[in-house]
Amino acid sequence: MDSELPALLVLGPPMVFKLFQSHYSHKYRFLNAFSSHLPLPEFLQTQQTHPSSVRAILCNPRQPVTADVIRSLPSLGIVATTTVGADHIDTAECRRRGIQVVTLGSQFAPDVADMAVALLIDVMFKISAGDRFAKKSIHFKPWSFPSGSKLGGKRVGIIGLGRIGGEVAKRLEAFDCIIMYHSRNKNPSVSYTFYSNVVDLASNSDVLILCCPLTEQTKYIVNKEVMLALGKDGIIVNVGRGALIDEKELVQCLMEGEIRGAGLDVFENEPNVPEELFALDNVVLSPHAAAYTLDCFMDACEHVAKSLDAFFSSKSLIISPIT
Amino acid sequence: MGSISVLLVGKVLPYLEQELDKRYNLFRGIDPSQRAAVLRDHASSIRAVVASSSGGPDAALIEALPKLEIVSSFSVGVDRIDLQKCKEKGVRVTNTPDVLTDEVADLTIGLILAVLRRICECDRYVRSGNWKKGDYKLTTKFSGKTLGILGLGRIGAAVAKRAEGFDCSICYYSRNEKPDSKYKYYPSVVELASNCDVLVVACPLTPETHHIINREVINALGPKGVLINIGRGKHVDEPELVSALLEGRLGGAGLDVFEKEPHVPEELFGLENVVLLPHVGSATVETRTAMADLVLDNLEAHFLGKPLLTPLV
Numbered sequence: 001m002d003s004e005l006p007a008l009l010v011l012g013p014p015m016v017f018k019l020f021q022s023h024y025s026h027k028y029r030f031l032n033a034f035s036s037h038l039p040l041p042e043f044l045q046t047q048q049t050h051p052s053s054v055r056a057i058l059c060n061p062r063q064p065v066t067a068d069v070i071r072s073l074p075s076l077g078i079v080a081t082t083t084v085g086a087d088h089i090d091t092a093e094c095r096r097r098g099i100q101v102v103t104l105g106s107q108f109a110p111d112v113a114d115m116a117v118a119l120l121i122d123v124m125f126k127i128s129a130g131d132r133f134a135k136k137s138i139h140f141k142p143w144s145f146p147s148g149s150k151l152g153g154k155r156v157g158i159i160g161l162g163r164i165g166g167e168v169a170k171r172l173e174a175f176d177c178i179i180m181y182h183s184r185n186k187n188p189s190v191s192y193t194f195y196s197n198v199v200d201l202a203s204n205s206d207v208l209i210l211c212c213p214l215t216e217q218t219k220y221i222v223n224k225e226v227m228l229a230l231g232k233d234g235i236i237v238n239v240g241r242g243a244l245i246d247e248k249e250l251v252q253c254l255m256e257g258e259i260r261g262a263g264l265d266v267f268e269n270e271p272n273v274p275e276e277l278f279a280l281d282n283v284v285l286s287p288h289a290a291a292y293t294l295d296c297f298m299d300a301c302e303h304v305a306k307s308l309d310a311f312f313s314s315k316s317l318i319i320s321p322i323t
Numbered sequence: 001m002g003s004i005s006v007l008l009v010g011k012v013l014p015y016l017e018q019e020l021d022k023r024y025n026l027f028r029g030i031d032p033s034q035r036a037a038v039l040r041d042h043a044s045s046i047r048a049v050v051a052s053s054s055g056g057p058d059a060a061l062i063e064a065l066p067k068l069e070i071v072s073s074f075s076v077g078v079d080r081i082d083l084q085k086c087k088e089k090g091v092r093v094t095n096t097p098d099v100l101t102d103e104v105a106d107l108t109i110g111l112i113l114a115v116l117r118r119i120c121e122c123d124r125y126v127r128s129g130n131w132k133k134g135d136y137k138l139t140t141k142f143s144g145k146t147l148g149i150l151g152l153g154r155i156g157a158a159v160a161k162r163a164e165g166f167d168c169s170i171c172y173y174s175r176n177e178k179p180d181s182k183y184k185y186y187p188s189v190v191e192l193a194s195n196c197d198v199l200v201v202a203c204p205l206t207p208e209t210h211h212i213i214n215r216e217v218i219n220a221l222g223p224k225g226v227l228i229n230i231g232r233g234k235h236v237d238e239p240e241l242v243s244a245l246l247e248g249r250l251g252g253a254g255l256d257v258f259e260k261e262p263h264v265p266e267e268l269f270g271l272e273n274v275v276l277l278p279h280v281g282s283a284t285v286e287t288r289t290a291m292a293d294l295v296l297d298n299l300e301a302h303f304l305g306k307p308l309l310t311p312l313v
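Top line first, the protein sequences correspond to chains Y and L. Going by our numbering, the first sequence opens with residue 1, and the numbers climb by one from there. Going by our numbering, the second sequence opens with residue 1, and the numbers climb by one from there.
Just so you know, the hints here were simulated from the structure itself, not pulled from any lab data. Take the hints with a grain of salt, since some may be wrong.
Stated by the list, open to error - If you anchor each label on the Cβ, the simulated ranges turn out as follows:
id, chain 1, residue 1, chain 2, residue 2, range
1, L, 21, Y, 136, 29 to 39 angstroms
2, L, 179, Y, 173, 21 to 31 angstroms
3, Y, 22, L, 216, 29 to 39 angstroms
4, L, 223, Y, 47, 34 to 44 angstroms
5, Y, 42, L, 266, 56 to 66 angstroms
6, L, 134, Y, 302, 21 to 31 angstroms
7, Y, 18, L, 222, 22 to 32 angstroms
8, Y, 213, L, 179, 41 to 51 angstroms
Stated by the list, open to error - Reference excerpt, derived from the structure (chain L facing chain Y, CB under 8 angstroms, subset only):
id, residue
9, 120
10, 122
11, 132
12, 269
Ideal Cβ positions, reconstructed from N, Cα and C, are used throughout, including at glycine.
Go ahead and model the full structure; you've got the sequences and the hints to work with.
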């Protein structure tokens with residue numbers, strides 16, 4: 001029975017793998033290469049599996065699908081990754097071989113947008129700080145905290161108006177925020193004010209929200225100049241990648257009051273977080289959890305399963321003759 | 001106006017107290033013994049009372065002030081004021097609606113997210129160094145969930161508007177169904193609780209709504225349901241809430257108010273599915289200043305014979 005199930009080579013492993021395995025163990029024979037130090041051909045031997053019977057890979061950036069990996073699997077037809085990006089896959093080699101590459105779409109955009117708004121409200125209203133305060137003693141004293149303010153009328157500058165940025169904008173519009181953005185290109189289908197220059201965006205914003213991917217161009221896109229332009233009442237929220245912000249400068253600015261506060265889900269050197277931040281009440285810290293909801297993980301699993309299903313069943317259609 | 005006697009019976013923003021002191025002959029009567037002393041010597045001259053969520057004139061106090069003309073409350077909730085007595089005696093009552101609506105609605109969404117996405121717990125997780133040992137667990141998505149609003153007044157409607165930005169479905173319970181509302185109405189709180197994922201208490205506190213969140217409602221909300229209270233502590237049967245949370249019969253809670261503020265149930269301190277705040281709704285300096293100005297403007301209007309800005313009675 002087991003040998004009839006299609007083999008699925010698992011590299012990484014993807015964060016969702018435990019969940020995926022528990023839901024789909026009846027559909028695939030999992031070859032968990034991530035748990036072995038052996039080179040791939042040797043690993044497959046230990047699994048009594050010939051390389052030519054491996055047609056599908058499930059992976060994530062932890063373990064790249066290199067040209068070598070692809071060349072060692074002559075029947076490989078599909079590579080599915082549980083990320084939006086495919087930098088860890090040799091897509092050129094896949095194209096040469098006619099191998100399908102499946103990535104995630106916008107399944108987790110709402111969850112990430114929810115996190116961005118959660119972090120923003122928390123920083124504005126000091127929710128985490130308040131929770132810490134309230135849980136210290138059975139009688140809370142009057143809590144004197146520096147001025148917070150409501151979201152209405154705040155100018156929110158979104159850096160990267162893609163799927164996630166768009167979801168953030170939609171949510172904050174319901175709070176009567178004024179939305180502005182910086183992106184590689186102006187988007188003609190939105191009415192938000194576009195800024196081609198991040199410093200200008202920051203000068204005209206009360207809040208900056210980072211929703212863009214990390215590339216050579218976007219590394220440290222929020223630097224000291226941008227933070228000073230944002231100003232002492234400004235708040236930064238980062239749900240993109242840690243290296244979008246010059247972290248050392250960010251810590252300085254927060255400690256010196258050059259910006260009002262920050263909500264951070266990502267850091268330059270995860271899981272390491274600058275310890276100076278731990279003493280601050282004007283920052284909210286999150287362990288890269290923006291997409292970590294059960295719903296989101298289930299959506300990702302279903303997306304991958306559907307793609308693999310379509311692949312395996314289309315192959316069998318091709319094999320069966322049509323009369 | 002410096003000769004008009006005003007009695008302060010609730011805690012208010014220092015700015016308001018200072019302004020009242022400047023403009024009127026202000027007597028402080030927040031503390032019971034303070035109040036007794038003031039009443040002994042000045043009861044017959046007091047023309048106005050300033051109240052707040054922490055204290056307001058009950059029937060006895062209103063009776064004890066024969067010259068009382070107006071009660072101006074530094075709050076939107078007037079559960080501390082005997083409105084019936086005020087009506088009987090022809091005493092005007094003002095509160096501070098609207099200026100705090102947006103802020104309370106913002107905070108409500110923040111509380112919901114904090115509970116469902118475990119934001120405070122995640123923050124603790126990072127600060128404690130635990131992230132180095134492994135990722136935090138999966139939490140619950142907010143977008144697309146069903147929000148049940150108890151009391152579709154100004155605050156309830158503002159919460160609903162924001163939740164729609166998250167593609168939430170909205171349903172509500174109100175004393176009367178609102179024919180113009182696009183949201184789904186349930187004729188009882190239990191039915192509302194049975195049919196939503198997150199229940200927000202946003203109605204005024206009256207004798208009818210005291211402990212409106214009771215064991216039956218909590219059980220209907222269930223082990224995956226979340227209760228958010230930004231109303232008054234007395235809306236909720238607090239011991240029932242605590243036992244439901246400890247036993248897992250309720251999925252989580254976000255509370256800005258408590259039955260015996262500033263007392264907070266200690267049993268909730270260690271629960272990762274509970275977020276507690278020290279009554280911060282309406283607490284931003286911006287909003288509190290606007291509320292204070294509304295109290296001052298109402299008093300001024302009254303004593304100048306002009307129409308009150310935000311009268312309730």
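- What are the numbers of the hints the structure violates, in ascending order? none
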